[in-house]
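Residue numbers (numbering that gives the first Met the number 0), protein chains in the order written: chain A, 0 to 329; chain B, 0 to 336.
No lab work stands behind these hints: they were computed from the structure. Everything numeric in this text was worked out from a predicted model, so none of it was measured. Idealized CB from N, CA, C, for every residue including glycine.
Simulated pairs of lysine to aspartate or glutamate, DMTMM-like, Cα-Cα distance not exceeding 20 Å:
#1 A/K160 - B/D151
#2 B/K232 - B/D177
#3 B/K181 - A/D75
#4 B/K179 - B/D82
#5 B/K179 - A/D75
#6 B/K69 - B/D83
#7 B/K207 - B/E114
#8 B/K232 - B/E114
#9 B/K207 - A/E154
#10 B/K38 - B/D311
#11 B/K173 - A/D75
#12 B/K293 - B/E329
#13 B/K294 - B/D41
#14 B/K91 - B/E329
#15 B/K240 - B/E313
Distance windows between CB atoms, simulated:
#16 A/G310 - B/S81: 38 to 46 Å
#17 A/L49 - B/S256: 44 to 52 Å
#18 A/H62 - B/S81: 19 to 27 Å
#19 B/T148 - A/G310: 49 to 57 Å
#20 A/I30 - B/Q287: 53 to 61 Å
#21 B/Q150 - A/D122: 50 to 58 Å
#22 B/G144 - A/F163: 37 to 45 Å
Some chain A residues near chain B, calculated using beta-carbon distances under 8 Å:
#23 T73
#24 N259
#25 T286
So the chains spell out like this:
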Amino acid sequence: MMATAHTTVDAAGLSWGPRALLRRLRTGDEIARLVTLFFALVVVLLTIMLVVQLWTNSAQARHRFGLSFFWGTTWDPVAGQFGALPFVYGTLVTSALGLLIAVPLGLGAAIFLAEMAPRRLSDNLTFLIDLLAAVPSVIYGLLGVFILVPLMRTEIQPALKTVFGFTPLFQGPAYGIGLLTAGLVLAVMIVPFIISVSREVLLAVPGDQREAALALGATRWEATWKAVVPYARTGIMGSVFLALARALGETMAVTMVVGNNPRISASLFSPGYSIAAVLANEFSEATGNLYLSALIELALVLFLLTFVLNGLARLLIVLTTSRGSGVPQA
Amino acid sequence: MSMRKLLVFALFAVLAAAPAWAQNINAAGATFPYPIYSKWFDEYHKAHPNVQINYQSIGSGGGIRQLLDKTVDFGASDGPMSDDQLKQAGFKILHFPTVLGAAVPSYNIAGVTSELKFTPEALAGIYLGTITKWNDPAIAGANPGVKLTAQDIVVLHRSDGSGTTYIWSDYLSKVSNDWKSKVGTNTSVNWPVGLGGKGNEGVAGLLKQTPNSIGYVELIYAIQNNLSYGSVKNAAGDFVKASLAGVSAAAAGAAKSMPDDFRVSITNAPGKGAYPISSFTWLLIPAQIQDAAKKSAIKDFLGWMLTSGQQDCEPLAYAKLPGEVVAKEEKAISMIQ
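Whole structure, please, built from the sequences with the hints as guidance.
Now the structure itself:
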């Protein structure tokens, strides 16, 4: 690339200047760059507009409650008293439970499909799993209500109570619905995302990685677990965050099985409430400006929560990658 | 070529003529009366092909908001607008009751097949969380001969904001001072106890699955789905099982004390056969409508709704307005200027 006196070269190695620009316009590079730049900007713009809308429309509630909105535990539309903490708690607990169950399950299945299963079986199973990801959440909610809830009430919760009843996590009446059931339904919903993305990432690991480990005398499992999986770690983390985002924002399936009661209780059997669920439930019949404004501020809190969790996740990737495991930045 | 010209000309003629005969009216609001509203608007359109009323059942709150923003010609709500909301509107809004709804207590108790009777004290106590066992004297006292268990009551309520919750909480506010001061009346409230189900179907689903539970559902939903439900003691001291006639009787009982703006709660209404957990649902209509054609169409529709329209109520399981209220509303139509 020729750099003349009035041309500079930017980080991407593209030369800038009238003549260079004209040349690149002719070859179509510049057009492609502008079009894709525009598309990228649209996404940024949408996000900014979303935040601005949520911010301005929640003005009344923000002024009225200030920061106490975050730790207020009362949600009383009659008295006009609004606090977000029970909803934040319910959202975090159900999502965390979902991940806790779905990550080992999903990762295990992805490893089998990518490393051990014959290619034909792997492809067919992956097709089925992708189908699962496309099932509407209300279907998962219905299955939860009709199959999981009775099972939880009559079998699983009493069993958990007898074994782990000494911890505060598994106490109280077994209604069948509650935080634990919501976490289970979320786990079923997000596991296809983890399997599907993780499998692709594992398949993309270069064969040298595996062969080098085998050459050093590793068994097949050692090669997979110590050479292939760490190499794909960033991508696997990505699949987990995609799943987390889905869990945080899930509305229908959660509201059908969570019990919809804004209370904070240590027991996983107790009913709870999530931010997305309360928004869907109360938005349409919300009369009064303060009430509406408080609901919109809840949406802002959910946005913030997603933002913070994503930030933490990225930090985690950076920290674990630089700990000298020899894994290149993907 | 001339054929094409003719076609283009015809198209323009149709487009130009369209506004002259099609009167589009937009409305939005409550979901509870949506089945009958859509039947009314459809029948009215068949009888008056030049008037088309489009109704979006987005919920009472949304209906009120859209009316205040003037994005619809009229709204609909399961609860009357508050004084504050009316003041904030900046223009006069009239309430017109259309049909009646009611909420009924349904339950699922192992071994109990007979119909339970509920006193106001029992219902308030159960929903406040002060009555926790089925064999509590407040429940057992009204049901001699029924063997009630000593099990905990699982209380169920709606999780979504709804007119049914409005009626239920309005009734409990009337019969219990504790409820009035601690919880109050609204489309969603801060429930002292219980689990929330989304929609009538959500509450009914939880009821079916949870032993020893009690929940409230819309009367129409209970009738259409053959849910069993209990009777409730009314202001006259009789136990009344909800029926369309009982709901209309409650409205007739309240008609004597009906204010001129129709914003009235008829829960716990006087009268022997009156079912106490009943309520009107309203159309919210601006008192001033600029567009003369729109105004006459809306006024004509209201007149039609109060007469022919009421005949559609019973097949759809809505309770119709009592004659006293219809007469009063017919007079009020002239207030639309």
